[in-house]
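As they're listed, the protein sequences go chains W and X. Start counting the first sequence at 1; every next residue gets the next number (the numbering used here). Start counting the second sequence at 1; every next residue gets the next number (the numbering used here).
Some hints here could point you the wrong way.
No more than 20 Å apart at the CA atoms, straight line, and that leaves these computed lysine to aspartate or glutamate pairs for EDC-like [unchecked claim]:
1. X:K135 to X:E115
2. X:K74 to X:E55
3. W:K147 to X:D18
4. W:K147 to X:D12
5. X:K147 to W:D12
6. W:K232 to W:E54
7. X:K61 to X:E76
8. X:K45 to X:E86
9. X:K147 to W:D91
10. W:K164 to W:D217
11. W:K147 to W:E115
12. W:K61 to W:D91
Stretch-level coverage of chain W by chain X, calculated; a stretch enters the list once three of its residues show a Cβ under 8 Å from a Cβ in chain X [stated by the list, open to error]:
13. 145-155
14. 174-183
Some chain W residues well away from chain X (every beta-carbon gap over 10 Å; in silico) [said to hold, decoys possible]:
15. D12
16. L13
17. V53
18. F78
19. P90
20. E116
21. R171
22. I191
23. Y212
24. Q226
25. I233
The set of hints was computed from the structure by calculation and includes no laboratory data. Every residue, glycine too, gets a C-beta built ideally from N, C-alpha and C.
Protein chains: 2
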Amino acid sequence: VKNTVEVCLTPDLIHQHDLNNKVAVVVDIFRATTCMVRGLVYGVKSVTPVATVEECLNYGKQGYIMAGERGGQKLEEFDIGNSPFEYENPDFIGRKVAITTTNGTQAIEKAKGAEEIVAGSFLNLTATADYLTQKGKSIIILCAGWKGTPNIEDTLFAGSLIHKLPFIQMRDSTTLSHSFYLRHQKDLLGIAKQSGHARRLAGFGIVEDIEYCMRIDDFQDVIIFQKNTLIKI
Amino acid sequence: VKNTVEVCLTPDLIHQHDLNNKVAVVVDIFRATTCMVRGLVYGVKSVTPVATVEECLNYGKQGYIMAGERGGQKLEEFDIGNSPFEYENPDFIGRKVAITTTNGTQAIEKAKGAEEIVAGSFLNLTATADYLTQKGKSIIILCAGWKGTPNIEDTLFAGSLIHKLPFIQMRDSTTLSHSFYLRHQKDLLGIAKQSGHARRLAGFGIVEDIEYCMRIDDFQDVIIFQKNTLIKI
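Given only the sequences and the hints, what does the whole structure look like? Please build it.
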């Protein structure tokens, strides 16, 4: 039996995929999974994704750092928003974070039927690919997309990860993602900047975030989802 | 005001798009829209897409040629299946066809909120692009896909059509489709043969159909949907 890799281009297509007995790689490059990876590598103890602002506020009462955004902007009541730079605060080392975002945390929710959930980012692309290869299970890459639509940056990550996995490519969306990566492999940042989300973030003056989210292999750590929280392994 | 072009990669994502005041280009390269174009160019009077086998049989009682497939294979009660070669029968000239297929006819149904519906195929790619350019309305390309999932051949057509339209590209799925075309423009047939649907059809021994469906610009006719039927204009 050989392992397979498939891509779900948006959570709105999750009903087309069988998660059973597979490892789901959830990806929201701009910016949720990038933030999660950045924070956990920097020393945050755990990151708990929650679906609603209310849940996040409740975690805040229990001492969690409250993080997240709606429509790309920080919520007033929260401690931090959804910029990866906000996650490297020395005060956060050893602390727990609760996060809610427009796309990324919803995607993790939809991945819950999988045997294991991994949070993917360009920051730890190769480490994640190596972990998945060693694990030896079939993979579904679940792109968070933008409000249910496919997006450039998550599809690009899917293609980049596929490129590193010695697995059988299942479904046409896998070929589409891999081809997209192959066409743009010499300038991932260039095409990522053309995404609608990148342009929305640039409109808020957040250009450094985009460039940071496209950094490749800064970290060797793998982030997995266990007991409703993300941790570094 | 400039015109825009957007792509809906599968009918399962149609809720993400506003059809209002736009021209929808429905595409099911393997093989429904290719058959429709082929038949109408050859002399069929009209092609009426219907959702169910029962509806198709009812049209048959009214003298229509009954056409279509389920799961890629002809239905026993029908006159013809879903191969473009079956549509060039001299007996069919001037006659009406009713057709039901797994993906293509369902996609046309979902496009009905649009101001106008055009059936797209590689056979009349440039004619369709010229018509749309002249028309001067915003466009949504609706890929029929495979049972609700994105597919290679329809995405490739979307990218090919986008490439010929002097319109503003809206949404990341438009960039994804256009990039996919640009990567494979020197060998469209090669990548089309890798699609899951092409491999299923090859399994039925239908290799000529695939090659025929990828022929470009054999015809200069445009096919539109009017009063529930497709006609040549």
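Consistency of the hints with the structure:
no., hint, result
1, X:K135 to X:E115, "12 Å, holds"
2, X:K74 to X:E55, "16 Å, holds"
3, W:K147 to X:D18, "14 Å, holds"
4, W:K147 to X:D12, "14 Å, holds"
5, X:K147 to W:D12, "14 Å, holds"
6, W:K232 to W:E54, "26 Å, violated"
7, X:K61 to X:E76, "16 Å, holds"
8, X:K45 to X:E86, "15 Å, holds"
9, X:K147 to W:D91, "50 Å, violated"
10, W:K164 to W:D217, "13 Å, holds"
11, W:K147 to W:E115, "25 Å, violated"
12, W:K61 to W:D91, "17 Å, holds"
13, 145-155, "holds (count 8)"
14, 174-183, "holds (count 6)"
15, D12, "6 Å, violated"
16, L13, "6 Å, violated"
17, V53, "24 Å, holds"
18, F78, "27 Å, holds"
19, P90, "37 Å, holds"
20, E116, "23 Å, holds"
21, R171, "6 Å, violated"
22, I191, "7 Å, violated"
23, Y212, "20 Å, holds"
24, Q226, "30 Å, holds"
25, I233, "32 Å, holds"
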